[in-house]
Amino acid sequence: MSTESKEILVGESSQAKPEKKTIVLMASDGDEFVVDVDDITNQSEMIRNLISDMGGTDGLQVPLLNVTAPVLAKLLELFNVSNKNDDDEEVTQKVKELMEAELNMMIDVLGAANYIEATSFFDLSCKVLADKFKGMSVEEVREFLNIECDFTEEELQQIHAENAWAFD
Amino acid sequence: MADWSKLSIDILSLIHGELSVLDYIRVGAVCKQWNFACKLKYHCPTKKPQSPWLVLPDECDTTTIKFFSILEKKTCNIPCPEPMIHRRVYIGSGHGWLVTVDDICNMHLLNPLTGAQIPLPPVTTLPFVSARHNSHGQIIEFVVEVPYGANIISTLVFSFERMRCIFFQKAVLSAAPDVDDNCLIMMICNNWKHLVIGRARGEAWKCISLYHHYTNIIHRKGKFHSISDTGIVKHLEIGLELV
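Chains as they are written, first to last, in the UniProt record's numbering: chain G, 1 to 168; chain B, 1 to 243.
Incorrect hints may have been included.
Derived BS3-like pairs: lysine-lysine, alpha-carbon spacing no greater than 25 Å straight-line [what the hints assert, rightly or not]:
(1) G/K132 to B/K41
(2) B/K32 to B/K66
(3) B/K170 to G/K132
(4) B/K66 to G/K134
(5) G/K132 to B/K32
(6) G/K96 to G/K84
(7) B/K221 to G/K132
(8) B/K234 to B/K221
(9) G/K134 to G/K84
According to the in silico footprint, chain B covers these stretches of chain G (three or more CB under 8 Å from chain B) [as the list claims (entries may be wrong)]:
(10) 112-126
(11) 135-147
(12) 153-162
Please keep in mind that the hints were generated in silico from the structure rather than gathered at the bench. Backbone N, C-alpha and C define an ideal beta-carbon position, used for all residues, glycine too.
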């Protein structure tokens, strides 16, 4: 999966606009992803700052120790959607689809977006998740995210008692 | 294996920050990590604009304030933090706080969700309000000066009840008083609709202008706006040194 994404991204950037600058992102498992500088700095504050600190992009390789290749591929795919559309509608839809289809991938994508400081994408993803929780009961949230209730019976009673009106 | 119960606190806080107050309180009961994130209140949704809640009158239940959430179409009965709060009148609201007047005309800001209360300056600090006291030094009634024409001033004597019904008209807040120390409260008061300003926990109310007949006020984007009964709209920028 990761190799595929790499090829697509390299192909797009080198064929369509050969003059564009690229850098290499290295996933934790060693896979390399060539990305367009404008596209990635448009999203990631961390990489934007890194390029500015390094004084350029020539031969720049950025190791992302916390991000595996499949997660990075998914994140770059979503960035691509975001960069191609002026409004957030399309990318919101893609994040929703990811949340419904691959909830475990979603958590890693969120973590990765937070790590590389892709602030606006991260905020958008948080909003998609929060929208999903709206109006859900506590049990429904636990079931949806596959979370076990780790409170004791007394703790749970106390939480309910503190704000009983919210749990009616 | 990804685990949603182990999501880092900063990520969780940001997700929680997007929720409504009601959902925010509920997700605190999901698991320990989520509860912890809620308690830290890094991105508590009460710091952001929420969809409005209406206060509904409920004469029968004296221990709660009844709210209706328009977004969730849900009624919430939130317990009153202190006795007698149900006897207060509400003269304004904003940023999650209510402006209340109790049965002896003391004013408070009240946050119904947390039960927090902040006193507002006494009305007797206004230049046109004084009080009559009994032999124990307790206020028994108020004396309010009312301007008639150019230089003629008459005085009216108000009981607590009449003062509450007639004197206090509307109050607005510039910010949440628990977040911003420079939160100002503007109020239309007196039969003649004076405009006055004060601070939460402040010493005194100040009269803004000698002109009266203000019929409505709002606070939006850092400015107070007023409209008079002749339709004149004003933008009021209040220097903090004035209050």
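Status of the hints after comparison with the structure:
1. Of the supplied pair hints, the one linking G/K132 and B/K41 holds, its CA atoms being roughly 21 Å apart against a limit of 25 Å.
2. Using a Cα cut-off of 25 Å, the hinted pair B/K32 and B/K66 is violated, with the two alpha carbons roughly 30 Å apart.
3. The straight-line distance between the Cα atoms of B/K170 and G/K132 is roughly 38 Å, outside the 25 Å bound, and the hint therefore fails.
4. For the hint pairing B/K66 with G/K134, the CA-to-CA distance comes to about 21 Å; that is within 25 Å, so the pair holds.
5. Distance restraint check for G/K132 and B/K32: the Cα-Cα separation of roughly 21 Å lies within the 25 Å cut-off, and the hinted pair is therefore satisfied.
6. Taking the CA atoms of G/K96 and G/K84, the gap is near 18 Å; set against the 25 Å cutoff, the hint holds.
7. A threshold of 25 Å between alpha carbons decides the hint, and for B/K221 with G/K132 the separation of about 30 Å lies outside it, so the pair is violated.
8. Simply put, B/K234 and B/K221 have alpha-carbon atoms about 14 Å apart, close enough for the 25 Å limit, and the pair holds.
9. Between G/K134 and G/K84 the CA atoms are separated by roughly 29 Å; this puts the pair beyond 25 Å, and the hint is violated.
10. Note: the stretch 112-126 of chain G has 4 residues with beta-carbon separation from chain B under 8 Å; the three-residue rule is met and the coverage holds.
11. Only residues whose beta carbon comes within less than 8 Å of a beta carbon in chain B count, and the stretch 135-147 of chain G has 9; three or more means the coverage holds.
12. Taking a C-beta to C-beta cut-off of 8 Å, the stretch 153-162 of chain G contributes 3 residues in contact with chain B, enough for the three needed, and the coverage statement holds.
In this structure, the earlier hints numbered 2, 3, 7, 9 are contradicted, and the remaining ones agree with it.
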